[in-house]
Amino acid sequence: MGLVSLRFSASASHVRTARLVAVTVARRAGLGEEQVEAVRQAVGEACALSVGRLSPDTQVTLTLDDAPRQDGAPSPARLVARVSPLDAVGGVGSVGDLGLAVLGELTDHYAFESGEPGGALRLTWLQQPQQPRPL
Amino acid sequence: MDLSVTTREEAGRTVVEVGGEIDVYSAPTLRDRLNGLVADGHHDLVVDMQGVEFLDSTGLGVLVGGLKRVRTHNGSLHLVCSQERVLKVFRITGLTKVFAIHDTVEQALAADTGADDKA
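Read top to bottom, the protein sequences are chains A and B. The opening residue of the first sequence carries number 1 in the numbering used here; numbering runs sequentially from there. The opening residue of the second sequence carries number 1001 in the numbering used here; numbering runs sequentially from there.
Isolated chain A, as found in the complex (with noise of 0.2 Å):
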């Protein structure tokens, strides 16, 4: 399916409706009920550390790819979301430290972009392995 690109006024109340663009792209992606939340909750956690930086009149975009580009990665990548403006350093304090620990969890792999001004935060859901139920 592609792309899905979400430009909103770098506004908390708004940090919402992304959440709700992002659980509806990996739901429509197939992702199980399980990776569905880890989205919800990333996503959110990435939008709010984005918009906490910035001032309202700036603008944050994300976006959701459910057809990535592959580059031969053994484990394949399910979907990318993307948060822009927003760089690693400068501003995090524990809340955001906190947010960092929830992204580390949540996804399979994050990671931030320095490749244009304000940079990104790329998260990435892998396609989960059929895996047998522990014992």
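Take these hints with a grain of salt, some might be off.
[Stated by the list, open to error] Subject to a maximum C-alpha distance of 16 Å in a straight line, what follows is the list of computed EDC-like cross-link-like pairs (lysine to aspartate or glutamate):
#: 1; chain 1: B; residue 1: Lys1088; chain 2: B; residue 2: Asp1103
#: 2; chain 1: B; residue 1: Lys1068; chain 2: B; residue 2: Asp1032
#: 3; chain 1: B; residue 1: Lys1088; chain 2: A; residue 2: Glu105
#: 4; chain 1: B; residue 1: Lys1088; chain 2: A; residue 2: Glu37
#: 5; chain 1: B; residue 1: Lys1088; chain 2: A; residue 2: Glu33
#: 6; chain 1: B; residue 1: Lys1088; chain 2: B; residue 2: Glu1053
#: 7; chain 1: B; residue 1: Lys1088; chain 2: A; residue 2: Glu34
#: 8; chain 1: B; residue 1: Lys1068; chain 2: B; residue 2: Asp1044
[To be verified] Facing chain B, a subset of chain A residues (Cβ under 8 Å, in silico):
#: 9; residue: Arg16
#: 10; residue: Ala48
#: 11; residue: Val102
In short, the hints are calculated from the structure, not lab data. Even glycine gets a Cβ: it sits at the ideal position worked out from N, Cα and C.
Use these hints to put chain B onto chain A, whose structure you have.
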């Protein structure tokens, strides 16, 4: 769903019933309510989160702030939450070790108010 916060007195404690979403937008409202309660002399709080649909790290920060605040008055803050979706956020941040988390309001009210107790 928007955040809702109602309070009542029960068994000598203040039960704060929270519903809806506690996130970067609504967390300041919850923080103001908790701060107001403590300022008014309510130092033993039970925060009932059974109606909470979503909790982010900003909300967690508010709860930690509330816990610190009541403890400066030798008070207590117990949580009521049995929803896996919300509990997971406490677990992955290690905050299950910080908060006494109960399945029901009754269990929270039956627990010691002592600042060091743990459910």
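Outcome of the hint check:
no.: 1; hint: Lys1088/B with Asp1103/B; result: holds (14 Å)
no.: 2; hint: Lys1068/B with Asp1032/B; result: holds (14 Å)
no.: 3; hint: Lys1088/B with Glu105/A; result: holds (10 Å)
no.: 4; hint: Lys1088/B with Glu37/A; result: holds (10 Å)
no.: 5; hint: Lys1088/B with Glu33/A; result: holds (14 Å)
no.: 6; hint: Lys1088/B with Glu1053/B; result: holds (12 Å)
no.: 7; hint: Lys1088/B with Glu34/A; result: holds (11 Å)
no.: 8; hint: Lys1068/B with Asp1044/B; result: holds (12 Å)
no.: 9; hint: Arg16; result: holds (6 Å)
no.: 10; hint: Ala48; result: holds (4 Å)
no.: 11; hint: Val102; result: holds (5 Å)
Comparing the model with each earlier hint shows no violations; every hint is respected.
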